[in-house]
Amino acid sequence: MSKERIQISEDLYDIMPPDYQDLVKSATYGKEDRGWKDIGTSKELIEQHSLCAGCPESMAFRYILASLPNPEDTVMVGSTGCTSLVFPMVAVHNIHSLFGNQNAIASGLKRALSVRFPGRVKDVVVLAGDGATVDIGLDMTLQAWFRQEKFTTICFDNELYANTGGQESGLMQKGFVAKMAPVGKLFDKVRLPEIARESGCHYVINCTVSKPSLVEKVIRNAVHIAREIGPTYLQLYTPCILEIGKNSMEGLQEMRDSEKPTERFAYKEYISEPAKQLLAELAAKDKERKAAAKQLAGQASA
Amino acid sequence: MADIHSVIGTKNKKGQTYTDTWKLMNEAPRTPSFFTGSEVIKEALRRASCDVMIAYPITPQSEAAALIGELFAEGYIGDYFRGESEFAVMSQCAGAAFGGARVFTTTAGPGTMRAMENFPMWSGARLPIQMIVTCRGINSPLSIQPDTLEIAYLLNTGMLVWHAETAQDFFDWILKGYMVSEEPDVHLPLALCCDGFFVTHTKDVVNLTPADMCLPPYDPYRSPVPCMDMECPPVRMMRDPFVMKSNYISYATHASWQQEIWAAVERSRKHSIHWLNGLIDTENTDAEIIIVASGTAVSQGREAIRLLEDEGVRCGLVKVKTLRPWPEEEIREATKNAKHIFVPEFNVTGWLAKEIKATIPNHERVHAGPHVCGGMTMPPEIIVSEIKTALGMKTFSLAGRGS
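If you read the sequences in order, they're chains L and C. Heads up: the first sequence begins at 1 in this note's numbering, then just goes up one per residue. Heads up: the second sequence begins at 1 in this note's numbering, then just goes up one per residue.
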């Protein structure tokens, strides 16, 4: 979809919601170097949301949507949970169908788009919680990776079932006392990033969303690698402040505390050889583009 | 955006000519061919301009699903792969249909049950996926034998549910099914059921349309809901997501959405009548005794009627072709003269008899049976015996029945 597609007929302009008018006027569809810095100066692809005040997931959502390299041709797939409260207000096509089947939906979707639009880029990005990704949907998460399906899987890891009220999940830490873990969780946090690597993902990142520039980088990398090479996986810590007993303003500190080198969300990455090569090529192209722009700017001022 | 009229008469990459479906089904020459039901499914798919087929092995549909893989290898299907379970497969089908593809899959018995959560989602999302259900037992202990109990579970999913009697039905209805499913005022998935083994694994003469003619492609932009391909504006669907809210607007939205699905099932009626030449077929409905059946029970009923005629008992027949939409008026009309209505079924609960009882006046006329299940065959003689017993006529003893 090009930006022209969302233009509004002049006769209908005044009856369109202001939100949509803004999308046409100042959203970043088609902007090549879009990123988190557009937040505040352009129309975001996420309107209001009904997440809790200070929810780190809402920050993550905004950074991700600002960082998608190609939102005008990106379809997102969600699952049941807090994310499904946000997706209806996101200005890229997105699918919610059932709980846990997101990677199966994305597999069919990506293949359909490849059949229907040969030679055109259509990115597919899955965004689901840890219950959907690791517990009820683990089978389909892994099988999509085994099959080398070319889309990105993002897991919002808040280490519990937030939307249903704070029950134990597979990504919860051992010993944490929660609903359905009345004496504390009895087994370790599932090591999905390692499993992702062994399952054939070409780019695996484990981190928090405390730094928007980092989120931008890993999202761009993950989408480009998935487009060209194969499956990619991002596990992002988005703590549920409500369920771990924090206040609205404490989410950021919780993430900073959890990303220290000895903590469970210390930045970890795995990049396959073909993916490294692709990233190097993309970096070289980016450098070239910037140099050309600089030269052009120099000529203009001379 | 594809305009389906513009492609009629042009050729696809396999050299098949996109043909007006009415002409293809009703005017194009037919070639008699001797095929198994599974092979017939493959031949229908060859002509269906299908974009994505997703397969999973389960008896008795595995052969058909694998044969369609051969079609993919030959280039007749856009994409094809084996999923990891029926639940996943039906979600993969949904993903492909959300993305604007014409989608096909097959399943059976426990697979249907495993995938069940997907079916109301398919109809709720208005995805015109076609799913072949080659019915088999779903009970424990494990059975792979023919048994139609699973159809009962499909009846309230919001899907269209048709029940084929023969391989010829199958061939025609797969192609016609897409035409009904994909109508903008319908746009619902179709469960095209048959009795496993009896139809899939037996050979029959089937009249095939020419292999070099195929259906016009699916146009996802005729869908009543947006196709998820970012080719049309990404309208924010809801200002305030009603998904889990507890307020009247939320309830009213969900309620009207469900009502709309069932209204679409109703609207499929006129299209189904057009393509299938009626929702039921009838023979001699002026008789006092009528057999009403669906699937291969119709064939057995027809044989029973022949046997009864030899004994001077006249009996009519109603073949129920569509279970959703349910041919309520048609069945009421066809059975209005009947004093006795017999409903032979290949399942233990008799779901078809229950549907009929809920449809017609004076439902004490309905004799729910005979029933066979767990893979048993239904010799016409037991239908004859059931009818004669009910009429107070003398009947021979069937071995093992203890009468």
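It should be emphasised that the hints constitute simulated quantities derived from the structure, not laboratory data. Predicted model, so just to flag it, every value in this text is computed and none were measured. Beta carbons are placed, not taken as given, at the ideal position from N, Cα and C, and that holds for glycine. Please note that a few of the clues may not be correct.
[Claimed, not checked] The calculated label-pair distances, taken between Cβ atoms and stated as ranges, are: (1) 184/C <-> 249/L: 38 to 44 angstroms; (2) 12/C <-> 4/L: 26 to 32 angstroms; (3) 248/C <-> 279/L: 27 to 33 angstroms; (4) 16/L <-> 70/C: 49 to 55 angstroms; (5) 263/C <-> 30/L: 37 to 43 angstroms; (6) 225/C <-> 4/L: 19 to 25 angstroms; (7) 179/L <-> 357/C: 53 to 59 angstroms; (8) 179/L <-> 57/C: 45 to 51 angstroms.
[To be verified] Below, in silico cross-link-like pairs of lysine to any residue (SDA-like), each with a Cα-Cα straight-line distance of 25 angstroms or less: (9) 14/C <-> 70/L; (10) 11/C <-> 115/L; (11) 11/C <-> 119/L; (12) 25/L <-> 231/C; (13) 270/C <-> 336/C; (14) 14/C <-> 139/L; (15) 31/L <-> 231/C; (16) 43/L <-> 226/C; (17) 13/C <-> 31/L.
Status of each hint after checking the structure:
no.: 1; hint: 184/C <-> 249/L: 38 to 44 angstroms; verdict: violated, 50 angstroms
no.: 2; hint: 12/C <-> 4/L: 26 to 32 angstroms; verdict: holds, 30 angstroms
no.: 3; hint: 248/C <-> 279/L: 27 to 33 angstroms; verdict: violated, 52 angstroms
no.: 4; hint: 16/L <-> 70/C: 49 to 55 angstroms; verdict: holds, 50 angstroms
no.: 5; hint: 263/C <-> 30/L: 37 to 43 angstroms; verdict: holds, 40 angstroms
no.: 6; hint: 225/C <-> 4/L: 19 to 25 angstroms; verdict: holds, 23 angstroms
no.: 7; hint: 179/L <-> 357/C: 53 to 59 angstroms; verdict: violated, 46 angstroms
no.: 8; hint: 179/L <-> 57/C: 45 to 51 angstroms; verdict: violated, 39 angstroms
no.: 9; hint: 14/C <-> 70/L; verdict: violated, 33 angstroms
no.: 10; hint: 11/C <-> 115/L; verdict: holds, 17 angstroms
no.: 11; hint: 11/C <-> 119/L; verdict: holds, 21 angstroms
no.: 12; hint: 25/L <-> 231/C; verdict: holds, 19 angstroms
no.: 13; hint: 270/C <-> 336/C; verdict: holds, 23 angstroms
no.: 14; hint: 14/C <-> 139/L; verdict: violated, 36 angstroms
no.: 15; hint: 31/L <-> 231/C; verdict: holds, 17 angstroms
no.: 16; hint: 43/L <-> 226/C; verdict: holds, 23 angstroms
no.: 17; hint: 13/C <-> 31/L; verdict: violated, 36 angstroms
Checked against the numbered hints given earlier, this structure breaks hints 1, 3, 7, 8, 9, 14, 17; the rest are met.
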